[in-house]
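Listed here are the chains, written in short residue letters.
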Amino acid sequence: MLIAIQAEITLTAALVLMLVADLIFKEPNHKYLQASAVILMLIHTALNIVPTDTEAFGGMYHSSMISSVMKTILSTGTLLVFMQAGQWLEREDTRHKAGEFYIITLSTLLGMYFMMSAGSFILFYVGLELASIPMACLVTMDKKRHESAEAGAKFILNSMFSSGLMLYGMSLIYGTCGTTYFEDITAALTGTPLQIMATVFFFAGLGFKLSLVPFHMWTPDTYQGAPAPVSGYLSVISKGAAAFTLMSIILKIFGNMTAQWNLLLSIVIVATITVANLFAIKQTNLKRFMAYSSISQAGYIMLAVLGGGAMGMSSLVYYITVYIAANLAIFAVIGTVEQYSGRVDRDAYNGLYKTNPKLALVMTLALFSLAGIPPFAGFFSKFFVFASAFREGHWIVVFIALINTIISLYYYLLIVKAMYITPNDSPVSTFRSPAFTRACLLVCLAGIILLGLCSGVYQLFTDLA
Amino acid sequence: MEFTILILVLPAICFPLLALFGMKMPHRVAGTIGTVAIGAVTILSYITALNYFGAGRTAEGIFPTLTPWNIRWLPFTETLHIDMGIMLDPISVMMLVVITTVSLMVHIYSFGYMKGEKGFQRYYAFLSLFTFSMLGLVVATNIFQMYIFWELVGVSSYLLIGFYYTKPEAIAASKKAFIVTRFADLGFLIGILLYGYYMQTFTFTPAADQLMKAGMILPWALGLMFVGGAGKSAMFPLHIWLPDAMEGPTPVSALIHAATMVVAGVYLVARMFPLFIGFAPETLHVVAYVGAFTAFYAATVACVQSDIKRVLAFSTISQIGFMMVALGVCTSMDPHEGGLGYMAGMFHLFTHAMFKALLFLGAGCIIHAVHSNEMSTMGGLRKYMPVTHITFLIACLAIAGIWPLSGFFSKDEILAACFAFSPVMGWIMTAIAGMTAFYMFRLYYCIFWGKENTELHKEHVPHESPLTMTVPLMILAAITIVAGWILPFGHFVSSDGKAYDIHIDTGVAAISLVVALFAIGLATYMYARSSQPLADSLARRFSGLHKAAYRRFYLDEIWLFVTKKIIFNCISTPIAWFDRHVIDNFMNMLAAGTQACGTLIRPVQTGKIQTYTIWFFAGIIILTVILLLAL
Chain A
1 MLIAIQAEIT LTAALVLMLV ADLIFKEPNH KYLQASAVIL MLIHTALNIV
51 PTDTEAFGGM YHSSMISSVM KTILSTGTLL VFMQAGQWLE REDTRHKAGE
101 FYIITLSTLL GMYFMMSAGS FILFYVGLEL ASIPMACLVT MDKKRHESAE
151 AGAKFILNSM FSSGLMLYGM SLIYGTCGTT YFEDITAALT GTPLQIMATV
201 FFFAGLGFKL SLVPFHMWTP DTYQGAPAPV SGYLSVISKG AAAFTLMSII
251 LKIFGNMTAQ WNLLLSIVIV ATITVANLFA IKQTNLKRFM AYSSISQAGY
301 IMLAVLGGGA MGMSSLVYYI TVYIAANLAI FAVIGTVEQY SGRVDRDAYN
351 GLYKTNPKLA LVMTLALFSL AGIPPFAGFF SKFFVFASAF REGHWIVVFI
401 ALINTIISLY YYLLIVKAMY ITPNDSPVST FRSPAFTRAC LLVCLAGIIL
451 LGLCSGVYQL FTDLA
Chain B
1 MEFTILILVL PAICFPLLAL FGMKMPHRVA GTIGTVAIGA VTILSYITAL
51 NYFGAGRTAE GIFPTLTPWN IRWLPFTETL HIDMGIMLDP ISVMMLVVIT
101 TVSLMVHIYS FGYMKGEKGF QRYYAFLSLF TFSMLGLVVA TNIFQMYIFW
151 ELVGVSSYLL IGFYYTKPEA IAASKKAFIV TRFADLGFLI GILLYGYYMQ
201 TFTFTPAADQ LMKAGMILPW ALGLMFVGGA GKSAMFPLHI WLPDAMEGPT
251 PVSALIHAAT MVVAGVYLVA RMFPLFIGFA PETLHVVAYV GAFTAFYAAT
301 VACVQSDIKR VLAFSTISQI GFMMVALGVC TSMDPHEGGL GYMAGMFHLF
351 THAMFKALLF LGAGCIIHAV HSNEMSTMGG LRKYMPVTHI TFLIACLAIA
401 GIWPLSGFFS KDEILAACFA FSPVMGWIMT AIAGMTAFYM FRLYYCIFWG
451 KENTELHKEH VPHESPLTMT VPLMILAAIT IVAGWILPFG HFVSSDGKAY
501 DIHIDTGVAA ISLVVALFAI GLATYMYARS SQPLADSLAR RFSGLHKAAY
551 RRFYLDEIWL FVTKKIIFNC ISTPIAWFDR HVIDNFMNML AAGTQACGTL
601 IRPVQTGKIQ TYTIWFFAGI IILTVILLLA L
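As they're listed, the protein sequences go chains A and B.
So in this note's numbering, spot 464 of the first sequence is number 464, and the numbers just go up one at a time.
So in this note's numbering, spot 267 of the second sequence is number 267, and the numbers just go up one at a time.
Worth double-checking, as some hints may not be accurate.
[Said to hold, decoys possible] Computed far set for chain B versus chain A, every beta-carbon distance over 12 Å: (1) Val36; (2) Ala59; (3) Gly223; (4) Leu555.
[Claimed, not checked] The list that follows gives simulated cross-link-like pairs (lysine to any residue, SDA-like), each with its CA atoms no further than 25 Å apart: (5) A:Lys282 <-> B:Pro603; (6) B:Lys24 <-> A:Leu361; (7) B:Lys118 <-> B:Met212; (8) A:Lys26 <-> A:Thr94; (9) A:Lys282 <-> B:Ala592.
Rather than coming from a laboratory, the hints here were simulated on the basis of the structure.
Glycine included, every Cβ here is placed at the ideal spot set by N, Cα and C.
Take the sequences, apply the hints, and build the full model.
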């Protein structure tokens, strides 16, 4: 039984060990905290790298091959977040809570693990809350900063609201089906009006986590206020887990309601991508901008859900993998620039190329990947999600998404333009970021370039999905 | 044979190593790294060849086709997928030997030739990249991998032609080479897409039912592929880039624009040979006619050029024409009945690579000594540069087809194949072979004999090159001397794969020898002495023809006229106008609209949490209502 939930156990062990480490490494030894967090995550990832298919607690918990892979991907992403968080936790006002950051992050990750491998609505909801409530603490980590506190408040209030609605939806499903186990629900879900309403309510809860329009309004404020590594974590890990959970639950229990889901997702995808793009164009604060970018990326991820089936699943996992590499690279750069210059507006990036050419290069390639320019990984991941949705005949949605890719190209390139072309007499001065951040950037860069060219990655996901 | 992957891996590592860290290394170190890597690759290639040909034949008496590596890279459907791998068959193994041998010689030679040049490390990095791409091209397991490496070869050629990037001519030449070959590659790509679309496979050996599906398309696909091959192999009228490509460093010309890259087109045709013979014999004969005309055209131009590298460039074009003709005149897979040309073409590719590389490297020594490409600065150099002189003479005799040098054997086989196809083709090619002998000896006499430019030589005494440069010459010369009669080439490569004994057709051999000797004699009479009355008077009498030939029959001007005047003015300008005024404005309008929308909806994001929840809830209600109404 216990071996079945090995991933969760090792993660919990890592969490507990981090608690111990937090006790041992008091100031001025706090810098070892990052190293221990990174090492623990490495060990955890390595221990669970072989995908397994396990079931436990009488069907309450079910971890398939692909969710096992997804956990590995998310823990790698978390590892990257830890690697780039060190510099922010070096500051005078944050160093005393460095330990907390790692512990809380690990507990949200644990929540996501349970959420992804839930076999019933109960465990799913527990996981979801475990992933949400500590997240609010992460967002307010910089609580002395007014914005951070505001972001945390907005996050937790919205989160409560969406949880409430979602619980309502789930209770309706329970009411009509008489069970919370996914295995038994499938047959009872037939698409009665009440169940449709329940579906939308349920969807809204995950739509909140995924920041899909119209459940996205908290995103810009939260991303802007939260520390850069937390925003990065929110934008990829939390989102990736939610997207994966949504897809696997749809595959598991909504087999009889495909038509409703297709319509629902089509509307939401079109709205999400378009609205996010329109907002993104006007943003000058880079974190806020990345929030809108991540909203539109969530729309693209939903295309894979719309595609459905094994192909949709593999393209979703692939998309998230690629997205993690690109987005975390960008947040690492944003965090670094913020750390050394205190600025997050786009003008701070004018002429960055001259003073910090390597940072500018990583940022450029990551933006290219997000925009989907070949030969970077983002191109392939977009291609696969488009293909999976197209194959199922959703060509109007795909077409609108394609047009939006062009718009997104415009605003992503605005940053590239700022870094390379816009003249600036006093660009941000040259600085050298800590070794961990540089290593994180290097890993992300490798991901951006190699994930696309090594077709084996996608093939692997296809085989496991 | 799994170790063959190292043949690709070593230069693939070497290139980024030198490109990224080369500038921090001293010249000598960077050059040594490159040379040692390619040396190892050469040894590996030889071992591969020994193992492959030593392993013996299958029951049918042919060498088996091995694929020690094949990774499915991009799968589209069950049968249609792009693979990356290594395929060993007689021609690819032969090409491995040719490429690595010449490449190693060039690497060593460049130590002396490029000594002290700025960008020495960059040069070796590019050489590694080129070697990698070329090796990847010949071992390709499918047509698409070949195409990928084909383009990589084009890129590295572009980089190397433009090596002296401060020289405007070099930049122009590199651009010209890239654009012309890319233009031709468009044909190649379309050919590949047709091939893949109709047959649902990219492999070189499609199954019978896949071939059935292709039907009438196959000849077109193969023809379009040949267009790509014609671009790389400088076939008329796409040859215009090759003479200009001589702006690159001379060792590069030897490696890329004489021995290896330019024969990629020939290799391509040879690779697709079974399909050509089986399904598109007419297309194959078109290849022959294009090759024959190119050979003739280039030979005429070569007779009057005054820049020694240009003469060699046109001679290369002409010789590649010979190879194409050899492949093109084939009518069956049986070397005894109409399939001889395949073996002959491949044989000539092999021998030509050796003696043409030798000629170019020799030319490099000469240019190194007199600091000019022009014949007028030379003359009488035999006194100063004995090694270069002797090796150059050997190469000239080989290309002229004098027994017992290697060129004699391969050329004789080509002529025999041509005569078997049609006597007219045979006689034409014999005449062109005579022209070859003539212009090569004109070149030889003008460099080493003739009237010495004493003023210049007094000022700066020409000297023999250092050992790093002359040793490669001697090695190549040795190969050139013995390759023809030591190597039973037909045993390794033949159209049906079975062992074929090369036998000299005495009639053809006698004719070609007589013609070659006559042409050499004529060249001796006209150019060996210090004054050249006959040549000058001929040039005066046929001044129009001479001038036209000297200007390469205005082919460059015709191309420029077609592109600049016709295409630019009649097609590009209107399109540009349409683009600038209609499309751009439309896009600007769209962009302005998007921006306006962005501004318009901004107030929605109030920052108030109440608004957020209202939208949230309204969203749920609206979605529920839509779902309930719609379904």
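For each hint, the structure was consulted:
| no. | hint | in the structure |
| --- | --- | --- |
| 1 | Val36 | 28 Å, holds |
| 2 | Ala59 | 37 Å, holds |
| 3 | Gly223 | 29 Å, holds |
| 4 | Leu555 | 36 Å, holds |
| 5 | A:Lys282 <-> B:Pro603 | 12 Å, holds |
| 6 | B:Lys24 <-> A:Leu361 | 21 Å, holds |
| 7 | B:Lys118 <-> B:Met212 | 56 Å, violated |
| 8 | A:Lys26 <-> A:Thr94 | 13 Å, holds |
| 9 | A:Lys282 <-> B:Ala592 | 12 Å, holds |
The earlier numbered hint that this structure contradicts is number 7, and it is the only one.
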